[in-house]
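J.: Given next are the chains, with one letter for each unit.
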Amino acid sequence: MIKFTRREILASFLGLPFALSACKSNSENVAVAGEIVGANVDVGHILREMRNAEVPINNWETVKVAIIGGGAAGLSAAWKFTKQNFGDFVLLELEDKIGGTAQSGESNIISYPWGAHYLPVPFQENKELVALLDEMNLTEGKKSDGEIIVKEQFLCREPEERVFFKGRWYEGLYLHVGESEDDKNQLKAFQKEVDFWVNWRDENGKRAFVLPVANCSNDAQAIALDKISFGDWLRQKGFTSERLFWYCDYACRDDYGLKLDQTSAWAGLFYFCSRVRKSGEESQPFITFPEGNGKFINFLHDKIKDKTRLKTVALEIIPNEKGVDIIYLNVETKEIRGLRCEKIIFAAPIFTAKYLIRDFKTNPPNFVKEFEHNAWFVANLFLKDRPKPRFPKDFPLAWDNVLYESPSLGYVNSTHQKGLDYGAAVFTYYYPMCHEENARAKLFGLNHQELADIVLTDLSRAHPTIRELTEKIDVMRWGHAMISPRTNFMWNSSRDEAQKPFRNIHFAHSDLSGIALFEEAFYHGIRAANEILKAETRA
Amino acid sequence: MNRTPLLFLNVIIIATCGLIYELLAATVSSYVLGDSITQFSLVIGIYLSAMGVGSWISGFLEKDLAKRFVEIELAVAVAGGFSAPLLFLTFAGVSYFSIILYSLVFVIGALVGLEIPLLIRILKDELDFKKLIARVLALDYIGALVASLLFPIFLVPKLGLTRTSLVFGLLNAGVGIWGTWLLENLINKRDLTILRIKGFIIVILLLIAFIKADSLTSLAEDALFVDNIIYAKSSPYQRIVVTKGKIGYSLFINGNLQFNSFDEYRYHEALVHPAFAAHGANPKRILVLGGGDGLAVREILKYNSVESITLVDLDPMMTQVSKSVPALGELNKNSMQDSRVSVVNNDAFIWLDNNQNEPFDIAIIDFPDPNNFALGKLYTTRFYNLLKAKLKPDAAIVVQTTSPLMARKSFWSIMKTLEASGFYVKPYNTTVPSFGIWGYALCKLQPFETPNKPQENIELKYLNEKTFASMFEFSGDTSLPNEEIEVNRLDNQALVRYYESEWRRFE
Chain A
3 MIKFTRREIL ASFLGLPFAL SACKSNSENV AVAGEIVGAN VDVGHILREM RNAEVPINNW
63 ETVKVAIIGG GAAGLSAAWK FTKQNFGDFV LLELEDKIGG TAQSGESNII SYPWGAHYLP
123 VPFQENKELV ALLDEMNLTE GKKSDGEIIV KEQFLCREPE ERVFFKGRWY EGLYLHVGES
183 EDDKNQLKAF QKEVDFWVNW RDENGKRAFV LPVANCSNDA QAIALDKISF GDWLRQKGFT
243 SERLFWYCDY ACRDDYGLKL DQTSAWAGLF YFCSRVRKSG EESQPFITFP EGNGKFINFL
303 HDKIKDKTRL KTVALEIIPN EKGVDIIYLN VETKEIRGLR CEKIIFAAPI FTAKYLIRDF
363 KTNPPNFVKE FEHNAWFVAN LFLKDRPKPR FPKDFPLAWD NVLYESPSLG YVNSTHQKGL
423 DYGAAVFTYY YPMCHEENAR AKLFGLNHQE LADIVLTDLS RAHPTIRELT EKIDVMRWGH
483 AMISPRTNFM WNSSRDEAQK PFRNIHFAHS DLSGIALFEE AFYHGIRAAN EILKAETRA
Chain B
91 MNRTPLLFLN VIIIATCGLI YELLAATVSS YVLGDSITQF SLVIGIYLSA MGVGSWISGF
151 LEKDLAKRFV EIELAVAVAG GFSAPLLFLT FAGVSYFSII LYSLVFVIGA LVGLEIPLLI
211 RILKDELDFK KLIARVLALD YIGALVASLL FPIFLVPKLG LTRTSLVFGL LNAGVGIWGT
271 WLLENLINKR DLTILRIKGF IIVILLLIAF IKADSLTSLA EDALFVDNII YAKSSPYQRI
331 VVTKGKIGYS LFINGNLQFN SFDEYRYHEA LVHPAFAAHG ANPKRILVLG GGDGLAVREI
391 LKYNSVESIT LVDLDPMMTQ VSKSVPALGE LNKNSMQDSR VSVVNNDAFI WLDNNQNEPF
451 DIAIIDFPDP NNFALGKLYT TRFYNLLKAK LKPDAAIVVQ TTSPLMARKS FWSIMKTLEA
511 SGFYVKPYNT TVPSFGIWGY ALCKLQPFET PNKPQENIEL KYLNEKTFAS MFEFSGDTSL
571 PNEEIEVNRL DNQALVRYYE SEWRRFE
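Chains A and B are the protein sequences, given in the same order. The working numbering applies: residue 3 is where the first sequence begins, and numbers increase by one. The working numbering applies: residue 91 is where the second sequence begins, and numbers increase by one.
Rather than coming from a laboratory, the hints here were simulated on the basis of the structure. The reader is advised that the hints may include incorrect statements.
[Stated by the list, open to error] To give an idea of the chain B side of the interface with chain A (calculated C-beta under 8 Å), a few residues:
{"no.": "1", "residue": "Lys323"}
{"no.": "2", "residue": "Pro326"}
{"no.": "3", "residue": "Gln328"}
{"no.": "4", "residue": "Val434"}
{"no.": "5", "residue": "Asp437"}
{"no.": "6", "residue": "Phe439"}
{"no.": "7", "residue": "Trp441"}
{"no.": "8", "residue": "Asp443"}
{"no.": "9", "residue": "Arg579"}
We treat Cβ as the ideally placed atom computed from N, Cα and C, and that holds for glycine.
Bound conformation, chain A alone (with noise of 0.2 Å):
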């Protein structure tokens, strides 16, 4: 494998001009404590070498129903399943902590999220979420229109953001400071285009954008924004503001980890409507915790404990006659063990279908290939104090901390929401790799000292102290972190056919609905859940 210099890392994760400054004034690069925690498994690999294993007889059990995958939509349906008082399921994770890309951590100065960290509140018609938020006694009644109220000590506490520009920090994430008439009247502008969206309605009342995505109308006039890039269209509609294209182009790398320009126009605007609920309204507010979703992930998992397998790889899914039957390996004890099921819900990314459905190994259909993946790392600083502020005007440590000059997405402090405002502190650095080439190649070439000098330079601009500061750092690589709503995916027909159960096996995952977001993964979840149930209640 090539070996790269620190100058050419920092170059090529940070920009080449930042790098050199950095490499000049901090030349040498002390060793900081820490890991690469999360999956060590070669999956690949043990795919490759168990390609025909064999069963022992009497490892064989039956179950009618297996989940494959324990990420937000697995759990999802096995908390559908639960409470309709279906038990007779089993859920299978390859890891050996469950949650996904919502997991989390936890040490002793706070529990901390290793990817999704929030929940915007949902809408009233979002029944079967409000029901979990309710189940959750995170909510207390409703508001005469009928919104849910959600306990105050569950939403983003102020200040929310902050972003750091030429040396200062400034409140909110927009840059108003040193902003022209010019930006002004654009971003209005563009808040005028959201507005419209806010307020379209279809023949059938349907809204544009709303969540989850599988309710957004299908009407040609919407689904035209999928066409192009989400760039394109704010060149077509005449905005040049720099301000804006970075604003759009942040909010694209935080909610898709891809750049503006990777981005589908519809899923750019989803982004800016599909969380309003009239236009003029504020977006909706922010359910957090310390851990961020890694709190839904815990309380789904707590009620099936029971069925859950971790660290179980499915080597094989084989739709028959009667049902489907499971090849599975324990990582761990190199056991090999079989499940026959009546149904599956296949709740792992799209594009490992390929690899595990006896179907599809040899005759992969046309959409797999239409569900693309990119690759994220999240490190969490563990910090013995929180940095001081450099200037006494500077904007307080908020909960989102971001970084107007950075490719990385900044820093949520997880202290934030306990109110813990004083001494150590974690904070979760994130950084979707959509600048890079062969990002996942990249990625996993790094080792847990390059990765963890990316995150402290990146940082160093705005804070440093936070070498000395930081006390552990470790690193979560997602090579296949979320999928990617890129141009012309979203309504080309790959999602509804994938959609579609295949024989026995019902699919469930966010990568559904072309956008990574917990709402999504849940929607997906209950629905598959709902199917199985159906066709149960009918026999």
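Given the structure of chain A, go ahead and fit chain B onto it with the hints provided.
T.: For chain B alone, coordinates are given in the frame of chain A:
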């Protein structure tokens, strides 16, 4: 050229500079460490003995006296000139400040001690010994007088400590550079050039520091405190300063006045006794949030029914200062040592969220004003709901709620927040000269009559039946304004924004 008179002028300047550095060190140290008698005494002692050491060392210098003299001048210019800014900066940043202080005093003293003997030896060929000694010593003492007059009358009030230090550094450097011309024939050519270059570099550095002095002094409380500082220390949370002035002691946190002993009883009587009046029965368990100065506790201990007081204050240093600084212990009647008081050092928000306690009869909430988000959370509906869960059904609480005159919307926003949290609220206000018109909220969990007098047999300086009842009246410029006022929640922090915009007007 007869250079002797010019060299005598040098003596005056050197003598003046020497004394100025001594005065600066003593002033800075008593400024930041307090206890001026000890500081002046130690600094003068160390300085003079170091001068003795310097004079003694001068006996070992044989050659190149003129060159040495210039070098020493330049060294004094650096050590002395940067002394005050260095001391201020290190005080803010390091824990072993006194070691740095006394070492610096010693170094400057030793260098100054070298100056006069060397100069005498340089001049001894120009004048006879009797006259030389007489003039040099006379001028030396006159220089001291000049310094001691200039320092309090002109330098400190006009220039401040940092700039004074830098100006005299410049004078020393000037003497050194000037010396390279006056003593030109005693120094070889190459050395002359090097000395001049060194000299000019030092002058430039001192000039830069002089221009940038404002940013240096903003760290030090140069202009902030009129009175003598008797205690000053930084904790991880805040900077605590106690001063003593003509009318009493003052406590500052981050430069904001917390109380003045002259009128603090007005503030604390108004803070504590309405809660007891509204409670009526025999309150036993008392909760104090904030109030690490022990003054609210002093008032609470006037009630015999009180069995326990739990005081939750963020900063261990604050609660420690209230016990260990004698002036404060005297003021709070050593209330922090009372066996009924237990101190918890934690953020009250976290403490309320994490701890199960037997419920309290009375809670006194005395936080700093909500001038940042970390403090703003202590005034939210969430906070008051957490507090509610720790109160008995008939409990009474009082919250300090900033000035209804200076920060009218902030004040009424807190009232609305308390109401939104389920409290029945009686706003009241009083006058504390050090602060101005000050506001509080008296609350219970059930509807209640506004109390009209303090409880019987409680010794009070300020409150009586008349003043007590009048506190609940609001004037036209402090009453609820006729506009929409937001409830302060964690997810809007409306109060911090009100507070910031209202107090900014007075900055």
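J.: Now tell me, hint by hint, if it's right for this structure.
T.: Results for each hint:
no.	hint	verdict
1	Lys323	violated (17 Å)
2	Pro326	holds (7 Å)
3	Gln328	violated (10 Å)
4	Val434	violated (15 Å)
5	Asp437	holds (7 Å)
6	Phe439	holds (4 Å)
7	Trp441	violated (10 Å)
8	Asp443	holds (7 Å)
9	Arg579	holds (6 Å)
The structure fails to meet hints 1, 3, 4 and 7 from the earlier list, while all remaining hints are met.
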